[in-house]
Amino acid sequence: MDWQVFLNDDGSGRTYLQWMFDAWGWTLAVAGCSWVVAMVVGSLMGVLRTLPNSPWLVRLANAWVELFRNIPLLVQIFLWYFVLPKIFPAMQAVPGFTLVVFALGFFTSSRIAEQVRAGIQALPKGQRYAGMAVGFTTMQTYRYVILPMAFRIIFPPLTSESMNLLKNSSVAFAVSISELTMFAMQAQEETSRGVEVYLAVTALYAVSAFAVNRVMAFVEKKMQIPGFIVATGTGGGH
Amino acid sequence: MKKQLLALAISLIAAGGAYAQANDTIAKVKASGVITMGVRDSSGALAYTLGDGKYTGFHYDVCQHIIADLEKVVGKKLDIKYQLVTSQNRVPLVQNGTVDIECGSTTNNATRQKDVAFANTVYVEEVRIATKAASGINSVADLNGKNVATTTGTTSVQLLRKNERAKGIDFKEVFGKDHAESFLLLESGRADAFVMDGQILAGNIATAKNPADFKIVGEPLSVEPIAIMFRKDDPAFKKLANDTIAAMVKSGEMAKLYDKWFMQPIPPKNTKVGLPASEATKAAWANLNDKPAEDYLKK
Numbered sequence: 001m002d003w004q005v006f007l008n009d010d011g012s013g014r015t016y017l018q019w020m021f022d023a024w025g026w027t028l029a030v031a032g033c034s035w036v037v038a039m040v041v042g043s044l045m046g047v048l049r050t051l052p053n054s055p056w057l058v059r060l061a062n063a064w065v066e067l068f069r070n071i072p073l074l075v076q077i078f079l080w081y082f083v084l085p086k087i088f089p090a091m092q093a094v095p096g097f098t099l100v101v102f103a104l105g106f107f108t109s110s111r112i113a114e115q116v117r118a119g120i121q122a123l124p125k126g127q128r129y130a131g132m133a134v135g136f137t138t139m140q141t142y143r144y145v146i147l148p149m150a151f152r153i154i155f156p157p158l159t160s161e162s163m164n165l166l167k168n169s170s171v172a173f174a175v176s177i178s179e180l181t182m183f184a185m186q187a188q189e190e191t192s193r194g195v196e197v198y199l200a201v202t203a204l205y206a207v208s209a210f211a212v213n214r215v216m217a218f219v220e221k222k223m224q225i226p227g228f229i230v231a232t233g234t235g236g237g238h
Numbered sequence: 001m002k003k004q005l006l007a008l009a010i011s012l013i014a015a016g017g018a019y020a021q022a023n024d025t026i027a028k029v030k031a032s033g034v035i036t037m038g039v040r041d042s043s044g045a046l047a048y049t050l051g052d053g054k055y056t057g058f059h060y061d062v063c064q065h066i067i068a069d070l071e072k073v074v075g076k077k078l079d080i081k082y083q084l085v086t087s088q089n090r091v092p093l094v095q096n097g098t099v100d101i102e103c104g105s106t107t108n109n110a111t112r113q114k115d116v117a118f119a120n121t122v123y124v125e126e127v128r129i130a131t132k133a134a135s136g137i138n139s140v141a142d143l144n145g146k147n148v149a150t151t152t153g154t155t156s157v158q159l160l161r162k163n164e165r166a167k168g169i170d171f172k173e174v175f176g177k178d179h180a181e182s183f184l185l186l187e188s189g190r191a192d193a194f195v196m197d198g199q200i201l202a203g204n205i206a207t208a209k210n211p212a213d214f215k216i217v218g219e220p221l222s223v224e225p226i227a228i229m230f231r232k233d234d235p236a237f238k239k240l241a242n243d244t245i246a247a248m249v250k251s252g253e254m255a256k257l258y259d260k261w262f263m264q265p266i267p268p269k270n271t272k273v274g275l276p277a278s279e280a281t282k283a284a285w286a287n288l289n290d291k292p293a294e295d296y297l298k299k
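Top line first, the protein sequences correspond to chains A and B. Its first residue numbered 1, the first sequence is counted upward by one per residue in UniProt numbering. Its first residue numbered 1, the second sequence is counted upward by one per residue in UniProt numbering.
Isolated chain B, as found in the complex (with noise of 0.2 Å):
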């Protein structure tokens, strides 16, 4: 039993250790000639798979665009290793340093800048309310009474809350365990609603069956800006990462980007999400910025 705790100590001791020094981003890559990315299997246009461990996506393509100026810097071809991410995963991982860089969709806020950073944002999402085209919801108001889906971890919900509150709305929550699902509560009848962000709402509805029978409504319930997630106190790594950007957004590329992912069919399907760049994500881009979401709702 002692010897049992002695090596579980031990084990913490090194793990504790090898946390603390793994900072240094450029460092750790140019040394080990790996960098791993963190992606998602379904956050929409963003970041997808595609099946047979391939990743794809907008996000992915900003931070391919990032990777490679970092194999300049580090003068070497880096092996670039994927690691699935999930919204509960995500954050920790980046933390404990199994990932270097997230390349998802995650949502750039005050409680997660304590943990770690962000890249300057060149996504600013808005949530926003798919229903059935017949339904007859047209905005917030019309959701009384109703039951709203929407997906179990996703700070949505958290603001579906609040809405509801404030507004004096009564409506159910019903909760999909992923996107998929809460769009399928929302075809099966089971909710008349989905709150979600706009381009996941978007390419679900764009991948349906019958496409024609949703519509999204109603005016934007948040926007928030999304972000290329990596580790805090790294500000060699995050220069880097905004250069890139910067570069991009300058050179047209981002722009270019943008229209390849939302308004140009995509594989796997071929189908398009046709989502034209919001003002908010246009803001971001002129004046580029890490500002948390929080930022955003003061306006």
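Looking at chain A on its own, in the form it has when it is part of the complex (with noise of 0.2 Å):
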């Protein structure tokens, strides 16, 4: 083991470190604005799949869902670089990160609609008719009543999706983002110190996914409704 490597200057003035820090950023910026993009068009595509009287958005929704999760990741991003600019040369113009903050944050999306969909259909019928009785515009009963309890039995899994797309954001490399994954192929090539390389970037990886664990882990038992839903810690299998 060779740790010194870190310090060599890389041809630009920086160290390799600096320049892992630099990459360990846009993995943070993909992963975050991507996290955005997948929780507000996850959410909206999970609800509009459950609404009861609007069969079109229904069907607009699904056909989200089963777009966005059958292509695979890689296929899409490159659908997003590639082909969609020979059609639309306008997007030509639009930066390399936009497009996988948008591919990563769309495919990640359909994964949550469904959870989203999941957890509001797993409510008892009787809390969407509760919001009937006392009133409630359809609106009125998802803000008040419904998602507030699916958010809170989805939220383990939402968990898992969000420390799943922190990983998957190292696709991005395939559109030049200078992202961990692709510090660590150019790195290793340049300095011939592949194991201290790939060791340093796993370790980042565990740590930016862990630290997503703990604070969802943390919101999760601050959002918990006392009764409803086992309290964290006292389940699972060891």
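Check the hints yourself; a few may be wrong.
As the list claims (entries may be wrong) - Which chain B residues face chain A? A few, computed with CB under 8 Å, are given here:
id, residue
1, P92
2, T152
3, V157
4, R161
5, K162
6, K177
7, S188
Just so you know, these hints were derived from the structure itself, not from any lab. The beta carbon of each residue, even a glycine, is placed where N, CA and C say it ideally should be.
Using the hints, build the complex out of the two chains.
Structure (structure tokens):
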């Protein structure tokens, strides 16, 4: 092991260590922005799929989910980056970062939409009727009755999805984003110290994903409704 | 848990043992009757796949000559296994004994010489700039403010970065994940130029939809000796490989092979790379050596 390699100059006046932290920043930026897109679009689509009296909106949202979850992520990224700009030349000007954020965000949104739908459908029917009984509109029923319950139910899978999103951000290297995976491939080629480079990058991914896990677990704990969902920490098969 | 740790420790020791004794390639292939050749799927005319598990190319042919001589030495026909390698895994796979001889497009440099050994160089690569014929780019200086594509996991990027800094030229690097994708970046207009080994550029242009749209411009950014790679500290095998190469150069076989791969139409599309042997390549043949890239730059 030769950890000194991180102090070497990469040719442009920065060390490999600085480069790695830059790359980590890109990974977190891609993952963070995609997470926002995924949560907003995913929640919207998930809700649309459960609307009681709007068959066309339900179909639209179903189509969205099936479209984005049936195509491999890497293929989607290429479609956004190479194929769509060929059809719509205006897309040529869109930076790779934006494209990858939307590609990753939409891909994850289809999965989140499924979880939101599952969460909503897991609630007893009586909850919806209760909303109707006090004279709420559909919008109000979702806002005050259904969603606050549904989101708490689906928090554990959302945690997994958020961690997956962070790890999936490694596909961004395919469209020239200088993130951790690309740093690993490039730096190991330039320095021939692959073991050190990959170990360091692995550690950064693990730390980032675990941080997401801890934040989500904290929020989950704060949000839980006593007596409705089993408290975290008591489950699990250890 | 303890048992698992013990099993892990034992397997690590076993792996370490195999690692230590794998340095005598001739004895190893004699005992096993098998030699594993590292091949590439798209390293231009140097090494590429025809699909269906078949590989070919200039370096591939040179390796076949070396293996033919190896068969004479061990006195039996060898079973040749092909192992596809990538820029990322080729050095570790040679080091750990998975691959006995790597016949791709590996630059012989000082860093790698710490880990592996190289045969005498028979092909010297020049790093060049490919661009669209209509782009108006004619030299490195014209790259200022442009998007420049290159392939992740190659040394051209590092070179580019040093050039960028030395000449005060500011360009944006975009990375393709392989050569085909880097060329697609150029073709689709996401990049204004593609900086890479000359023969890879020539090969990609030759197979492009419209080869006349592209040209290779500018002075070579660097020269790099590309060589066949094998394990370190194996003088007998290295001598055998170098003897084969010397005999091929002497008999004119090497020049004939070069002509076959770089000047004549080659499969699968029967297109010509059209890259005559450079002065540096001819010099390498005239004066066989395994000097690393760093020695070429000092000149």
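Do the hints match the structure? See the list:
1. P92: 7 Å, holds
2. T152: 5 Å, holds
3. V157: Holds: closest Cβ of chain A sits about 6 Å from B/V157, inside 8 Å.
4. R161: Hint holds; B/R161 Cβ to chain A Cβ min 4 Å, cut 8 Å.
5. K162: Holds: closest Cβ of chain A sits about 4 Å from B/K162, inside 8 Å.
6. K177: Where the cut-off is 8 Å and the nearest Cβ of chain A is about 5 Å from B/K177, the hint holds.
7. S188: 6 Å, holds
The structure fails none of the hints (numbered hints given earlier).
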